[in-house]
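Number of protein chains: 2
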Amino acid sequence: MKRSRSLPTKNDFPVGDVRRYLEPGPIVLVSSKWRGKTNIMTLGWHTILEFSPSLVGLMISSGNHSHEMIARSKSCVINLPTTALTDTVVGIGNTSGDRVDKFAHFGLTPVDGEEVEAPLIGECHASFECRLHDDVLVRRYNFFIFEVVKAHVAKRPVHPETLHYTGEGVFVVSGKAISRKALFRPGML
Amino acid sequence: MKRSRSLPTKNDFPVGDVRRYLEPGPIVLVSSKWRGKTNIMTLGWHTILEFSPSLVGLMISSGNHSHEMIARSKSCVINLPTTALTDTVVGIGNTSGDRVDKFAHFGLTPVDGEEVEAPLIGECHASFECRLHDDVLVRRYNFFIFEVVKAHVAKRPVHPETLHYTGEGVFVVSGKAISRKALFRPGML
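As you go down the protein sequences, you meet chains A and B in turn.
Counted the way our numbering counts, the first sequence spans residues 1 to 189.
Counted the way our numbering counts, the second sequence spans residues 1 to 189.
Hints may be right or wrong, so weigh each one.
If chains are identical, the list can't say which one is meant, so a pair holds when it fits in one copy or spans any two.
For lysine to aspartate or glutamate, the following DMTMM-like pairs were computed, each having C-alpha atoms within a straight-line distance of at most 20 angstroms [what the hints assert, rightly or not]:
1) Lys-155 x Glu-168
2) Lys-176 x Asp-87
3) Lys-10 x Glu-50
4) Lys-176 x Asp-101
5) Lys-10 x Glu-114
6) Lys-181 x Asp-87
7) Lys-33 x Glu-147
8) Lys-176 x Glu-161
9) Lys-181 x Asp-101
10) Lys-33 x Glu-115
11) Lys-181 x Glu-168
12) Lys-74 x Glu-50
13) Lys-10 x Asp-135
14) Lys-155 x Glu-50
15) Lys-176 x Glu-115
16) Lys-181 x Asp-134
17) Lys-74 x Glu-115
Treat the hints as calculated values from the structure; they're not laboratory data.
Given the structure is predicted, the values throughout are model-derived calculations rather than measurements.
With the rest of the complex left out, here is chain A:
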């Protein structure tokens, strides 16, 4: 698979504001690196847990090759694909990292992070570098609590068209944005 090499330019973004991209619940691509090898997995089971420190929880099934790589390296990058990458998202979910170099196979560009070893995916709209914060629920629920230590976000579009998985091979796409800012109590914003 070949892909154009024009990658979105990303800016630093406040780690305490990553909810803007993750709270809507998109499918994300989680990249990792361990002993010189990289991997990527698709993931839809995640939640914001706290603003400061910037905490997110990810359920990474132990059946995934990424599980052990992330548990050992204690880090990962959460990347946000848009609908332009729909077929790549499905392809990554279909293949296992113990047999395939996913960056090469899917024509994705690994970009060095600043805080963690795991590579960012250049083609994605945003990338959040994460360090393991608490593994208390890893054994019981495969639930990793990470701190986002560095965030990179493309400037445009402000509301990228993201994929939200429903199971059964069907995604819903985030569409129009609607503001109710005027209705919110100031303290609730």
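Fit chain B to the known structure of chain A by using the hints.
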């Protein structure tokens, strides 16, 4: 606030399939009951954790009146509002249950559950009755792990238009559904 009383008719739905509605990451309304009083809160910080048992994780900040009611009653109902309820969703987030009877104030219809004390919200597209499964992370992260013990879903539309919160008073709305079922390996569906 007055509202029409024609409530969507809901059917039983398999508890192992609630990811269809929750994995896309919508804003939900969480209803609770404790010592004869009911409450409702808006919530966007949740994730699916397991298919069977059907587990979901909810971050319910201790600043919410609902937190104690849910911790004590060890149950809640996760209700899925559509865009028809946008202003109600914002209003519920703006008000505190220690001062306001939210069902009455917002013209919502409490419907008896089958498995838990907390009432379903009749106007919502779906309602998932939940029993506390594990409170190990409640004290440290306000993170409740619930088992969905009964699910009720309106038959139509198949893909309801749901709200996904980005912060700053802005929601993105789930729009068109796209299927890539043909691309998935059978075991991945």
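Against the structure, the hints:
{"no.": "1", "hint": "Lys-155 x Glu-168", "verdict": "between (33 angstroms within a copy, 17 angstroms between copies)"}
{"no.": "2", "hint": "Lys-176 x Asp-87", "verdict": "between (22 angstroms within a copy, 16 angstroms between copies)"}
{"no.": "3", "hint": "Lys-10 x Glu-50", "verdict": "neither (24 angstroms within a copy, 34 angstroms between copies)"}
{"no.": "4", "hint": "Lys-176 x Asp-101", "verdict": "neither (36 angstroms within a copy, 32 angstroms between copies)"}
{"no.": "5", "hint": "Lys-10 x Glu-114", "verdict": "within (13 angstroms within a copy, 50 angstroms between copies)"}
{"no.": "6", "hint": "Lys-181 x Asp-87", "verdict": "between (35 angstroms within a copy, 11 angstroms between copies)"}
{"no.": "7", "hint": "Lys-33 x Glu-147", "verdict": "within (17 angstroms within a copy, 34 angstroms between copies)"}
{"no.": "8", "hint": "Lys-176 x Glu-161", "verdict": "both (9 angstroms within a copy, 11 angstroms between copies)"}
{"no.": "9", "hint": "Lys-181 x Asp-101", "verdict": "neither (44 angstroms within a copy, 24 angstroms between copies)"}
{"no.": "10", "hint": "Lys-33 x Glu-115", "verdict": "within (13 angstroms within a copy, 45 angstroms between copies)"}
{"no.": "11", "hint": "Lys-181 x Glu-168", "verdict": "between (35 angstroms within a copy, 7 angstroms between copies)"}
{"no.": "12", "hint": "Lys-74 x Glu-50", "verdict": "within (19 angstroms within a copy, 22 angstroms between copies)"}
{"no.": "13", "hint": "Lys-10 x Asp-135", "verdict": "neither (30 angstroms within a copy, 39 angstroms between copies)"}
{"no.": "14", "hint": "Lys-155 x Glu-50", "verdict": "neither (24 angstroms within a copy, 35 angstroms between copies)"}
{"no.": "15", "hint": "Lys-176 x Glu-115", "verdict": "neither (34 angstroms within a copy, 37 angstroms between copies)"}
{"no.": "16", "hint": "Lys-181 x Asp-134", "verdict": "neither (34 angstroms within a copy, 35 angstroms between copies)"}
{"no.": "17", "hint": "Lys-74 x Glu-115", "verdict": "within (12 angstroms within a copy, 40 angstroms between copies)"}
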